[in-house]
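Peer 1: With chain A fixed as given, assemble chain B onto it according to the hints.
Chains A and B, in that order, give the protein sequences.
So the first sequence is numbered by this note's numbering: it starts at 1388 and just counts up by one.
So the second sequence is numbered by this note's numbering: it starts at 1388 and just counts up by one.
It is worth saying that the hints were derived from the structure and are not from the lab.
Don't take each hint at face value.
Chain copies aren't distinguished; within one or between two, either way the pair holds.
DSS-like cross-link-like pairs, simulated, lysine-lysine; straight-line CA separation at most 25 Å [claimed, not checked]:
#1 Lys-1448 / Lys-1496
#2 Lys-1496 / Lys-1428
#3 Lys-1428 / Lys-1448
#4 Lys-1496 / Lys-1780
#5 Lys-1448 / Lys-1780
All of these numbers come straight from a predicted model, not from anything done at the bench.
There are 2 protein chains.
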Amino acid sequence: MTREDCVARDERDPLGLLRNAFDLPEGVIYLDGNSLGARPKAALARATDVVAQEWGRDLIKSWNTAGWFDMPRRLGDMLAPLIGAAAGEVVVTDTTSLNLFKALAAAVKLQASSARRVIVTERSNFPTDIYMAQGLASWLERGYTVRLVDSVDEIPAAVDQDCAVLMLTHVNYRTGYQHDMAALSAHARAQGALTVWDLAHSAGAVPVDLHAAGADFAVGCTYKYLNGGPGAPAFIWVPQRHQAAFVHPLSGWWGHAAPFDMAPDFAPCSGIGRALCGTQPVVSLAMVECGLDIFARTSMQDIRAKSLELTDLFIELVESRCDGHPLELVTPREHARRGSHVSFTHPHGYAVMQALIERGVIGDYREPAIMRFGFTPLYTGYADVWDAVAILKDILDGQAYDINTRRGAVT
Amino acid sequence: MTREDCVARDERDPLGLLRNAFDLPEGVIYLDGNSLGARPKAALARATDVVAQEWGRDLIKSWNTAGWFDMPRRLGDMLAPLIGAAAGEVVVTDTTSLNLFKALAAAVKLQASSARRVIVTERSNFPTDIYMAQGLASWLERGYTVRLVDSVDEIPAAVDQDCAVLMLTHVNYRTGYQHDMAALSAHARAQGALTVWDLAHSAGAVPVDLHAAGADFAVGCTYKYLNGGPGAPAFIWVPQRHQAAFVHPLSGWWGHAAPFDMAPDFAPCSGIGRALCGTQPVVSLAMVECGLDIFARTSMQDIRAKSLELTDLFIELVESRCDGHPLELVTPREHARRGSHVSFTHPHGYAVMQALIERGVIGDYREPAIMRFGFTPLYTGYADVWDAVAILKDILDGQAYDINTRRGAVT
Chain A
1388 MTREDCVARD
1398 ERDPLGLLRN
1408 AFDLPEGVIY
1418 LDGNSLGARP
1428 KAALARATDV
1438 VAQEWGRDLI
1448 KSWNTAGWFD
1458 MPRRLGDMLA
1468 PLIGAAAGEV
1478 VVTDTTSLNL
1488 FKALAAAVKL
1498 QASSARRVIV
1508 TERSNFPTDI
1518 YMAQGLASWL
1528 ERGYTVRLVD
1538 SVDEIPAAVD
1548 QDCAVLMLTH
1558 VNYRTGYQHD
1568 MAALSAHARA
1578 QGALTVWDLA
1588 HSAGAVPVDL
1598 HAAGADFAVG
1608 CTYKYLNGGP
1618 GAPAFIWVPQ
1628 RHQAAFVHPL
1638 SGWWGHAAPF
1648 DMAPDFAPCS
1658 GIGRALCGTQ
1668 PVVSLAMVEC
1678 GLDIFARTSM
1688 QDIRAKSLEL
1698 TDLFIELVES
1708 RCDGHPLELV
1718 TPREHARRGS
1728 HVSFTHPHGY
1738 AVMQALIERG
1748 VIGDYREPAI
1758 MRFGFTPLYT
1768 GYADVWDAVA
1778 ILKDILDGQA
1788 YDINTRRGAV
1798 T
Chain B
1388 MTREDCVARD
1398 ERDPLGLLRN
1408 AFDLPEGVIY
1418 LDGNSLGARP
1428 KAALARATDV
1438 VAQEWGRDLI
1448 KSWNTAGWFD
1458 MPRRLGDMLA
1468 PLIGAAAGEV
1478 VVTDTTSLNL
1488 FKALAAAVKL
1498 QASSARRVIV
1508 TERSNFPTDI
1518 YMAQGLASWL
1528 ERGYTVRLVD
1538 SVDEIPAAVD
1548 QDCAVLMLTH
1558 VNYRTGYQHD
1568 MAALSAHARA
1578 QGALTVWDLA
1588 HSAGAVPVDL
1598 HAAGADFAVG
1608 CTYKYLNGGP
1618 GAPAFIWVPQ
1628 RHQAAFVHPL
1638 SGWWGHAAPF
1648 DMAPDFAPCS
1658 GIGRALCGTQ
1668 PVVSLAMVEC
1678 GLDIFARTSM
1688 QDIRAKSLEL
1698 TDLFIELVES
1708 RCDGHPLELV
1718 TPREHARRGS
1728 HVSFTHPHGY
1738 AVMQALIERG
1748 VIGDYREPAI
1758 MRFGFTPLYT
1768 GYADVWDAVA
1778 ILKDILDGQA
1788 YDINTRRGAV
1798 T
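Okay, chain A solo, but in the shape it has when bound (with noise of 0.2 Å):
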């Protein structure tokens, strides 16, 4: 394996025209679009349309004449096919923390009928999943639990007669580590517990089919694999056989069936507009389009494709180019049980990480001593695995990094 043979993988692999749709700054090897995606080009301009022409010009019009108060629904039925589900079953709204809630609440709620009043959750799940489920069992006075398990073999005896919901992120922000969502869901069914799963590592990066799977409940984010931009409102999934019972304290307007006529009691809307709840930021909104329209172009059979030869050349080329470095692999190696990052442990992560990005490799660092490198099929080519490689094995063989550097408040 040589840099050329990577440049010739880069020339024919069929998914390496779309990197031309993303604006990427010269000398960069952005491998962190799993935290913070790439611009696409056409964000600038539709940017500038929402500000300039639908704000500006035609001001509160727009609500109804550029589709801002469809925006949601319309969003989420572009999404629905990236993670399997049916058209009127996604809304794109509020934020990844929010929609968990509801989708929480409401799996409670159908659940409360039962004496299960457990929600069972990964202690390694990314932690704002576990503070709002703990958010609300707080503030439900049933002596609601959320227990957390240490690994995923403790899954299943976990959820057990006292399991409500089981909660998982189903590709691990810092190990990379895909769940069988079919067969947990499977077993979450079996044992009378239902699924909430939260895609923020999985929508747009791995291929996903809830329905399939059969989860109840999912929820995800657009900023990071669909590249929506900086804070993008995140989405939500209630299938059609829960949307009539799908009940949820965030009853905004927004959510109510007939929200222009101001009646004084809530009653929900028929469909997915139920998960809805305020009014929505329009111009974040308005650029996750541009990122949904880029995998029109593709499908998420190739992108997994490349994403896994990716993250095996990476694998293998640190492997073999940094041996005698202390790195260690603390993604699986399985195929099946891979997302599309790949994290090593170095005793100086943090050190390492801030050399890395000084010379161009942005990953990104998350305790404790991980390096994370995430592969973005539509933007990363085979040569950006082979040099960033090559920074990293010259970083650490030169030891060119500042072991005193000191993790900031904010990464």
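Peer 2: Quick look at chain B alone, frame taken from chain A:
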């Protein structure tokens, strides 16, 4: 009073120059800034910069280097002086509905040791406020209820020994009625109730002094009089004296004491940050600054003085020039009880408003039969008022409206 008088008043108006800070379409008299504020000219360059540079070029680094992570607090500090809040007491985040939920939940929790289980509000309050209170109440399992009062006069008696929280919108969205915040807050406090004020139609419209009024919590909107852009994130005020006890169930990672430690248990940060929940929509959030910048060039006192002159003039001209038409003023004539919009009913209010919009006078319609006209002193002039009334008179005199016009699903 002639049109020339109005033009002369515009010429000596100290706020007149600020109109140049806004991009307003030609041929439009925009009287709907109480629903969606006009676009500050600076917002286009800001949007371009956030999208092209901060997102596109600097990518993930911008969370630190462009101050994205701190934006809710920084914008909150900019907004604080407009509502009589101190620095460190306001964040710009999420939606008004969600912020109201947090404030209500925290207020109810503060009252939990008492027997108080009633949230008092007005039946005429903006519906989402009522819906969020109903949503919260229905999920609290100790018999909480929302009590709707039918008139302002009934509020004092409704704040009885069962009342935990008095939740009011300071300026009514339909009538423009402005509550006496200080008197009602004092009454609530004397009765042992807490107050939650919605400033959606107050912030940037009328002088508000939350501390002087003795209010307990407040929320509000940035996309109306503050000109933050369509659906821009809302704000929440928690005075320092309540911050340590401010707890709510929407406990996401942005409200954590150490969000990047990724600890598995929620621990709220000290200060106003605990009102935050999930990752915010950066592009929409960034626009809010452009609106707030303009307020730094004037004062709420000057804005209020002009607002009252504009609304006085509008009322006077409509009543004198459209005499004989079935128009009825529903906005208080008393200055202290008036916000910054004026509403008239007309039996064919919806049809007349559509005719006005066709002619370039953009107000809006609210059930039942109410035509709303918002007066935003930063970019509305006296001659605008004259011209708007002239067009209204022309439409009414000529019956130039189609009484078969049907209200659509969205306004």
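Peer 1: State for each hint whether it applies.
Peer 2: Do the hints match the structure? See the list:
1. Taking the shortest Cα distances, Lys-1448 and Lys-1496 never come within 25 Å of each other, neither inside one copy (39 Å) nor across copies (41 Å).
2. For the homomeric pair Lys-1496 and Lys-1428, neither the shortest alpha-carbon distance inside one copy (43 Å) nor that between copies (47 Å) is at most 25 Å.
3. For the identical chains of this complex, Lys-1428 and Lys-1448 are inter-copy neighbours only, at 19 Å across copies versus 27 Å inside a copy, given an alpha-carbon limit of 25 Å.
4. Neither within a single protomer nor between protomers do Lys-1496 and Lys-1780 lie at most 25 Å apart by alpha-carbon distance, with minima of 53 Å and 55 Å respectively.
5. Taking the closest pair of Cα atoms, Lys-1448 and Lys-1780 come within 25 Å of each other only across two copies (23 Å); inside a single copy the shortest separation is 57 Å, beyond that limit.
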